[in-house]
Amino acid sequence: MKHKSTALWLYGSHARGDADFQSDFDVFAVTDSAITNQEVASIIRSNPPLLKVSRYSWSEIEGMASYGSLFLHHIRLEGKCLFEGCASAGRLKAILDALGPYKRAQLDAAAFRTTVQDVRASLERGGSIPFELSVLSTVLRHSAILGCYVSGSPTFGRFRPVQRIVGLWGLDQGIASLFADLYRHRLWTDQRAEEPSEVSLDTAYHWCDRIDTMLEKLEEQTNEYERRVS
Amino acid sequence: MNMKEECRRHISLVKESAGDLAAAYVARTRLKRLLLACSRMIAREYGLAEPVLPGPFEVPAGASQQFHELARRCNRLVSTAQTLCQPSEPLDVRWRSEWATVHAELEHIDRILTSVDASQT
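Quick note, the sequences are listed as chains U and E, same order.
Residues 1 to 230 in this note's numbering are what the first sequence lists, from first letter to last.
Residues 1001 to 1121 in this note's numbering are what the second sequence lists, from first letter to last.
The set of hints was computed from the structure by calculation and includes no laboratory data.
Nothing here was measured: the structure is a model prediction, and the numbers come from that model.
From the three backbone atoms N, C-alpha and C, an ideal C-beta is built for every residue, glycine too.
There could be a bad hint or two in this list.
Claimed, not checked - Derived coverage of chain U by chain E (criterion: at least 3 residues anywhere in the stretch with Cβ under 8 Å from a Cβ of chain E; other residues may be distant):
#, segment
1, 79–88
2, 123–133
To be verified - Have a look at the derived ranges for each label pair, beta carbon to beta carbon:
#, chain 1, residue 1, chain 2, residue 2, range
3, E, Y1046, U, S197, 34 to 44 Å
4, E, Q1082, U, R227, 32 to 42 Å
5, U, A34, E, R1072, 21 to 31 Å
6, E, A1061, U, P101, 30 to 40 Å
7, U, L201, E, P1056, 26 to 36 Å
8, E, P1056, U, A41, 17 to 27 Å
9, U, K52, E, R1009, 15 to 25 Å
10, E, Y1046, U, K80, 27 to 37 Å
11, U, R120, E, T1101, 47 to 57 Å
12, U, D18, E, Q1082, 23 to 33 Å
13, U, D172, E, R1096, 36 to 46 Å
14, E, E1005, U, C86, 51 to 61 Å
15, U, R227, E, S1064, 50 to 60 Å
16, U, S153, E, S1064, 51 to 61 Å
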């Protein structure tokens, strides 16, 4: 059997039960053999329209587990097993159960900061505003996910991490209330939403400023977190 | 700076970030920005609407061989970038293993850009 060492887990909004019409059907596939979306659909006996398969080898998963991968924490918190081949039964769950704290929080925070600097530089040089807004929406969401984690309230999803971190850290409420508009750019780049109408340069710079403010707090919190877990 | 030099600047930025494990997150965005810059350069050259998002693109039938080759290599990188840019941090591990492929493509693209006639772009 080709997929005896394959594990397929559902994660994301469908696993949480808060999917909407724009939601991907996110499947986490761990396998040492190639697997197509069609094969995944056949194994799970379902062919959702927005099936999105993230593929990893077992060695990649073990490497990720060694630094307490935040993505694996996400799977541990919300994932649901859809299929396990006979040679992989219980293997992923054992890895997830033994998962240690995330060890790359400061590195991630630094990468988010550089990415926002890149966005500013691109905007100054006439780069694509819609693309840069999409990048900003991703950075903001990822920063919020990391912020929730280092604050001891791991939260995943499209909007909830941003809403939670704004509340936890007492940030500008505008970040939470306007984030859905910003995230439409990200959905558009994935062809999951109509093209947003507002793409002004001022809007992009305002988001850079808001995210920079949030990143200051994130850096402070990740420093504290790394002192605690080291 | 003209479009050709802008594309070459993006190549340098991708290379710069690729040497740092922590910067895989940064590198993938820079890679997409490079692909977008190349497609915009070609679109501008042929008077087409400039794309605002990175993605596969086609050059007009009458375009030069250099631009056809540039588009072909960029489109291949778009495909590689999709594998590299799965929604999580393990892309740093993958980035290291795939970097040789990406680097070789970047070198090719840089050579094509260098050879593009100075009167173009």
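Is the hinted range of 51 to 61 Å satisfied by the C-beta distance from E1005/E to C86/U?
holds, 57 Å
With 21 to 31 Å as the target window, see if A34/U and R1072/E comply at their CB atoms.
Given range 21 to 31 Å: holds, Cβ gap about 24 Å.
Do the beta carbons of D172/U and R1096/E sit within 36 to 46 Å of each other?
About 37 Å separates the Cβ atoms of D172/U and R1096/E, which means 36 to 46 Å holds.
Is it true that R227/U and S1064/E lie within 50 to 60 Å of each other by Cβ?
holds, 57 Å
Does the Cβ-Cβ separation between R120/U and T1101/E fall within 47 to 57 Å?
violated, 30 Å
Against the range 30 to 40 Å, how does the distance between the Cβ atoms of A1061/E and P101/U compare: consistent or not?
violated, 56 Å
Coverage assertion for the segment 79–88 of chain U with respect to chain E, Cβ distance below 8 Å, three residues required
It is violated, with 0 qualifying residues against the three required.
Beta-carbon spacing of S153/U to S1064/E - inside the hinted bounds 51 to 61 Å or not:
holds, 56 Å
Has the hinted range 15 to 25 Å been met by the Cβ atoms of K52/U and R1009/E?
Violated, at about 33 Å.
Holds or violated: 26 to 36 Å for the Cβ distance of L201/U and P1056/E?
Roughly 27 Å apart at Cβ, these two residues keep to the hinted range, so it holds.
Taking a Cβ-Cβ distance under 8 Å as contact, does the segment 123–133 of chain U have three or more residues in contact with chain E?
holds (count 6)
Confirm or reject the claim that Q1082/E and R227/U have a C-beta distance inside 32 to 42 Å.
Once the Cβ atoms are compared, 37 Å apart, the range 32 to 42 Å for R227/U and Q1082/E holds.
When held up to the earlier numbered hints, the structure conflicts with 1, 3, 6, 9, 10 and 11 and fits the remainder.
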